[in-house]
Amino acid sequence: MVERLYPLCRSITGDGVRATLEIVGEYIPLKVHEVPTGTQVLDWTVPREWNIRDAYIADATGRRVVDFRASSLHVLGYSVPVSATMPLAELRAHLHTLPDHPAWVPYRTNYYQPEWGFCLAQETLDALPDGEYEVCVDSTLTDGHLTYAEHVVPGQVADEVIVSCHVCHPSLANDNLAGIAVATFLARALAERTPYYTYRFIFAPGTIGAITWLARNAERIDRVKHGLVLACAGDRGHLTYKQSRRGDAEIDRVMRHVLAASERPHRVAEFTPYGYDERQFCSPGFDLGVGSLTRTPYAGYPEYHTSADNLDFVSPEAMADTLAVCREAFAVLDRDRRYLNLSPYGEPQLGRRGLYDSLGGRSDAKQAQMAMLWVLNFSDGEHSLLDVAERSGLPFDTVADAAGALHGAGLIKA
Amino acid sequence: MVERLYPLCRSITGDGVRATLEIVGEYIPLKVHEVPTGTQVLDWTVPREWNIRDAYIADATGRRVVDFRASSLHVLGYSVPVSATMPLAELRAHLHTLPDHPAWVPYRTNYYQPEWGFCLAQETLDALPDGEYEVCVDSTLTDGHLTYAEHVVPGQVADEVIVSCHVCHPSLANDNLAGIAVATFLARALAERTPYYTYRFIFAPGTIGAITWLARNAERIDRVKHGLVLACAGDRGHLTYKQSRRGDAEIDRVMRHVLAASERPHRVAEFTPYGYDERQFCSPGFDLGVGSLTRTPYAGYPEYHTSADNLDFVSPEAMADTLAVCREAFAVLDRDRRYLNLSPYGEPQLGRRGLYDSLGGRSDAKQAQMAMLWVLNFSDGEHSLLDVAERSGLPFDTVADAAGALHGAGLIKA
Amino acid sequence: MVERLYPLCRSITGDGVRATLEIVGEYIPLKVHEVPTGTQVLDWTVPREWNIRDAYIADATGRRVVDFRASSLHVLGYSVPVSATMPLAELRAHLHTLPDHPAWVPYRTNYYQPEWGFCLAQETLDALPDGEYEVCVDSTLTDGHLTYAEHVVPGQVADEVIVSCHVCHPSLANDNLAGIAVATFLARALAERTPYYTYRFIFAPGTIGAITWLARNAERIDRVKHGLVLACAGDRGHLTYKQSRRGDAEIDRVMRHVLAASERPHRVAEFTPYGYDERQFCSPGFDLGVGSLTRTPYAGYPEYHTSADNLDFVSPEAMADTLAVCREAFAVLDRDRRYLNLSPYGEPQLGRRGLYDSLGGRSDAKQAQMAMLWVLNFSDGEHSLLDVAERSGLPFDTVADAAGALHGAGLIKA
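Chains as they are written, first to last, in the working numbering: chain A, 1 to 414; chain B, 1 to 414; chain C, 1 to 414.
What the hints contain is simulated information worked out from the structure, not anything from laboratory work.
By construction, the Cβ of each residue, glycine as well, lies at the ideal position given by its N, Cα and C atoms.
Each hint should be verified, as a subset may be incorrect.
Said to hold, decoys possible - Heads up, incomplete: computed chain A residues facing chain B, CB under 10 Å, no partners named:
#, residue
1, 341
2, 344
3, 351
4, 352
5, 355
6, 373
7, 374
8, 377
9, 381
10, 392
To be verified - Restraint ranges, calculated between C-beta atoms of paired labels, are given here:
#, chain 1, residue 1, chain 2, residue 2, range
11, C, 269, B, 366, 14 to 22 Å
12, B, 352, C, 99, 29 to 37 Å
13, B, 300, A, 194, 53 to 61 Å
14, A, 188, B, 302, 47 to 55 Å
15, B, 191, A, 269, 54 to 62 Å
Just need the whole structure built from these sequences, with the hints factored in.
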């Protein structure tokens, strides 16, 4: 999937995004939204749509020394059309390189100013003789649409968990084709049985896409109880969970718990107001319980936003590991509840309800019985099952199973 | 006292409890309560009363190979009557041993199911030849009563401190004859002068006894401000204080303070919903400020619930030490108050009230004067004397004495 | 300035205080207050005014062996007049020495009891032969006034910051001529541009002076938002900031931040109800956000309250350093605000407001841009700029500048 998505030239608008969503749609059904240029979205306006057919720099012999067909990174995102011939000295003002990594091509954009430009390897630039060059950017920047898509896994309740990943970056594998892939397979895994929450997956361009989604879903926001932004999900580094702005949102506690319990090496980071679309979900007016899961985080590796973030940079094992953690976390999140002990004065007599008998043949009977006592004692409307698991040191599943048994016996209510 | 109590066969009901309370009653006056079988108490029902005259396993020659007269532990608690002859193979299903400690006899009960059984040393069992054995349990399980007792040390106020210890275990010295003994002598010590609080000592069978007491004292619960469950009070291990469910109840703070100040090696444990009758007092509907003091805690030593918890396992010094800590803690608890500074704007002039003069001849005058400033500054209705002692680093008694002097001068009120 | 103030004989009342304030008044304009003896101030009464012309002990030859003219420390503060001849044995009851520091003269007072006495070096005393001595204290203790002064640096708002230093100690350089000097130059520095807050400097005798000020400014107290007591500001030790009683007052957070950011070795101490006039400002009825800045704190050096706290004991560099920290702290305090993001749903588009452009040419553009995102995200009415600086790890000034730019663009309001 990542290999198929890799060559496409994505940006915050245009046909590259549509082609990307079409491929994702082969794995999970998507509802695609098209929002017209000029639409007011929160403090922003949907920009004109950008499309590009070709772009190159050719030398005097007509040879393309920089060619968009070789990599979508070669053109500055949102370049306005240009067709001209100019000396190298004049052209340089439009060229972007990475002097520290002379073999790599940087990724650059300039969405909101009428510029054009090319990105290339420093060593390519160094090899160019002086002289006249033909430059061509065959792009269009016209009124059109911003495109994003949603996929919903219906749950038992209307309360939602959102999973968001940006789809606006061109040929960068880790950022964010890996995130798109993990989100897609996470959606399929969640649908295996009806979850408690409704899970909404959002595939949208960064910043303006999240802002557009927020603007068009104002009435839904109150139903969004938890969320996760997925990015940089495929490199070989350790996992990093960046907490929501609240820091103690349930998703924060669940992710911390699952990462610690899994004994994977990992890092938990405080919220910062830059990074990916958690910036928008966690802006102070919304302040949603939305964290962000990456492997090596935003701007944390030299290959970040360069041509070195290619298919070799990501691994199937790393993506599978990210997916596994997401599944573990949502398994906890989906079962976590606050219960109320309906018999809170003294311990209820478990024996006569068969809650001791039922455990007789099980090897983990003692742990299961302890879990019942913990759930009964802390089901005061304030403590969640995750609280009980953390306080008791018992596995979350044991605690949740105990709660299920007590609920079945009418001793607690949700 | 422990030696006299040791041979008695106690259970959650029956004459063993009555005989135990009779002996305790020789030390402190007790009010004994008899609650009829079938009485509804919270979620439970008072069970039938169990009494036992004799029990044994005899071999073909009539020799008693397991004999209740040798130790009350040999019979499974609440065994129904039986009189039969059966081969060893069939008898085994009713025998309980400790393979890991072949010389010890385990303590086992089965209060709420109609079973019978014997507890014996593994090495005794191993020495039994196959063949027919006569088994006899001469017990009665009939409508009767559950028995518990109270002793009250009247205080200056009706607010109560409860001290509870379970009296249902048969011949186990540390669990809980040591607790009974410490409680008894603590009650005598508190009566030496009229305490501030009213102290209520509860001698009741575990679980069902505490539940019965709670059920019959619903109107009193609001007056119970603090409490302590005493158990395993006599072994040679360090002290362990298990905090109340609240974790920051005044008794928790007092015990932590006193144990730390005393420089005894000790452990402070978080609340867990198993252990002794703090389970009931700290159930979420009551959530009383009741902690539990033991030496080695619940199930924390191999001798726990075996014949090795015998008179040698406990020491008078350990019991005296437990008693001393209880006295120190209650001395703090009983004097701890929140005062209100009646002259809170600037410092009041202590000199003209003779509060400097009065200190002139004392070697600890400087500390006493500091204590006055601390009490004045923090008597804002929110900080207790214990808060002041902890924050200032001054001894609690110095702080309490300063509060007394300031109260005498009319500068603070309770 | 310290050299000129040093010889004066100050006490809690009298002409020494007036002369001191006259010298301070040459640097900054002062409003001097005279409060009559007998005035009721909170729980206290303004005492009689004490003045002294001369005091000595002379031997049989008429030679002055202890002479007030040599040092104002030689006479017990508030000594009543005496003119007598007595044997050394009788005189000893009125003599105060420091046996552990035989060359030093102690500083002693007895404001509220009719006594007289002399302070002298132990070695001076040891050298005195037995015999008759003439003692003379030519003092007056009569109805008069308590004198204190204020200097105000007017700000943009009526909310006040108070800076207080005691002016009642005689010839002790560090305690508190250094504090008086730092306060004076701090006032001059603050006046260089109109500060946000109004800064009120209080030069008053210790304890009774602060109590008098508080009593006479009851209606002003609500406007006092922050404050600092300056004392022992000139010795060569590290800085110590003693927190207000609240512990989390804004002045506490500012001082902790500035001291930590400055990387000066320093200590932050908890509030204690003794020390200097923070005792009064932080009494529970007022509970003002007033901390105390010293170098080596109250009673923390052997020279404390002795003749060794002389001009050599303080250094201009140390006073300049204390002054610098005060200026840094007030620079933060004065700019610290809670803002409200007026565009809190998603990030506002900074680019179209020129907030990206305006940064283009600056080398710290990235940090400035980050600061804007931080200020926007945390301007929720709960977080101050100092909170943002601490959470982001960005310098306070960068954060405050970003807030200024955002305020200018109408994106946040105070």
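Taking the hints in turn, this is what the structure says about them:
This hint holds: residue 341 of chain A has a C-beta 6 Å from the nearest C-beta of chain B, less than the 10 Å allowed. A distance limit of 10 Å between C-beta atoms decides the matter here; for residue 344 of chain A the minimum to chain B is near 3 Å, and the interface restraint holds. A cut of 10 Å between beta carbons decides the hint on residue 351 of chain A: the least distance to chain B is about 5 Å, and the hint holds. Hint on residue 352 of chain A holds. Least Cβ distance to chain B is approximately 7 Å, under the 10 Å limit.
Annotation: residue 355 of chain A was flagged as interfacial toward chain B, and the flag is violated, the nearest CB pair being 12 Å apart, outside 10 Å. Restraint check, residue 373 of chain A versus chain B: the minimum CB separation of about 4 Å is within 10 Å; hint holds. Evaluation of the residue 374 of chain A hint against chain B yields a held restraint, the C-beta minimum of about 6 Å falling below 10 Å. A distance limit of 10 Å between C-beta atoms decides the matter here; for residue 377 of chain A the minimum to chain B is near 4 Å, and the interface restraint holds.
Hint on residue 381 of chain A holds. Least Cβ distance to chain B is approximately 9 Å, under the 10 Å limit. Checking residue 392 of chain A against chain B by beta carbon gives a least distance of about 7 Å; that is within 10 Å, so the hint holds. Judged by the Cβ atoms, the range 14 to 22 Å given for residue 269 of chain C and residue 366 of chain B holds: they are separated by roughly 19 Å. Taking the beta carbon of each, residue 352 of chain B and residue 99 of chain C are about 31 Å apart, inside 29 to 37 Å as hinted.
Separated by about 45 Å at the C-beta atoms, residue 300 of chain B and residue 194 of chain A break the suggested range of 53 to 61 Å. The given range of 47 to 55 Å is respected by residue 188 of chain A and residue 302 of chain B, whose C-beta atoms sit roughly 52 Å from each other. Checking the proposed 54 to 62 Å range against residue 191 of chain B and residue 269 of chain A shows it holds: the Cβ atoms sit about 60 Å from each other.
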